[in-house]
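Just so you know, full-length UniProt numbering puts 230 at position 230 of the sequence shown, and the rest follows in order with no gaps.
Fair warning: there could be bad hints in the mix.
[To be verified] Restricting the straight-line Cα-Cα distance to at most 30 angstroms, the calculated cross-link-like pairs of lysine-lysine (DSBU-like) are:
1. K225 x K312
2. K59 x K296
3. K317 x K225
4. K127 x K225
5. K59 x K77
Because the hints were derived from the structure by calculation, they are not lab data.
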Amino acid sequence: MTIGQNIEAMETASRAGNVPAKSSVFMQGLRKWWPYYVMMAPGLLFFVVFHYLPIWEAKIAFEQVRIIPPNIWVGLKHFQTLFASPIFWQVFTNTLIISGMKLAFVFPVPIIVALLLNEVRGGSLRKFIQSAIYLPHFLSWVVIAGVFIAVLSPSDGAVNNILGMAGMTPRSFMTETGSIRWVLVFSEIWRSAGWDSLLYLAAIIAIDQQLYDAAEIDGANRWQKIRDITIPGIVPTIATIFILNAGMFLSADLNQVINFSNDAVRSQIDIIDSYVYRIGLLTGEYSMATAAGLFKAILGMLMLIGAHFVSKRLTGKGVW
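With the hints as extra help, turn the sequences into a complete structure.
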């Protein structure tokens, strides 16, 4: 029987009622897997309420918000005001610098951590190391900021005590404009490197063990196995995460910036998200804040698409 005859037979059976309808199959699946759908519901509801419904309200970027509706359509007026503001371009530059530093110095660290953890043979030692480096992920930025303020204190902080023993002058890292961005980078590494390495460890575990066995028979050492098997095996995961990070490039972590910010360094770490928070929630300029947020979202989407095509060209892997 040819493929065409098979399709015709299936259509005939479906019309005769021998094949269950799509709605019936869906209901059967729903009855079977309903506990999993219930577990997914809070996450789906979160994204619907905070990510999809606000898309429609983004139209206020083109309107003058009034206490008593309807709003007044003003077109690109808010964008023109935004782009004419030197403060906006300052926070935009800060966002690019901080996000670029994080992408360059934070993104590779979980990969290195995963490769090193994979080489730890002792089970108890590996569990201890994993527990120690995963713990900071569960701390809030309020707690982490307090830890770094204490450690970097110019009077009794551990870092400045070490500098003093080395004969160097103590520094106030949290209030120096030249060091505060590096504080953001190192605090991000301390918080996220261990937890983010889980994705790469999972990708390493999925690599066929027979490849390592064959390499060992050929006399390959550990470094050669990492170079020729492990790293090529996790390239698709690295490419995917890099693309997703590119899409979030302009989101330099508002919570971190707010907790590490002070009057002395605000000009260096004031980012788009903190600017939107300040002019939107603190001063009530909702249309201007929405315009800034929409500008950031459009740039993020373009960077996501661009990173996808670059990754597709270099590694053959992309989001789609």
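Right, here's what the structure says about each hint:
1. Distance hint between K225 and K312 is fulfilled; the C-alpha atoms sit about 25 angstroms from each other, no more than 30 angstroms.
2. For the given pair, K59 sits about 15 angstroms from K296 by alpha-carbon distance, which is consistent with the 30 angstroms threshold.
3. A hinted pair counts as satisfied when its Cα atoms are at most 30 angstroms apart, and K317 with K225 qualifies at roughly 22 angstroms.
4. Among the hinted pairs, K127 with K225 is consistent with the structure: their alpha-carbon atoms are about 23 angstroms apart, no more than 30 angstroms.
5. A threshold of 30 angstroms between alpha carbons decides the hint, and for K59 with K77 the separation of about 13 angstroms falls inside it, so the pair holds.
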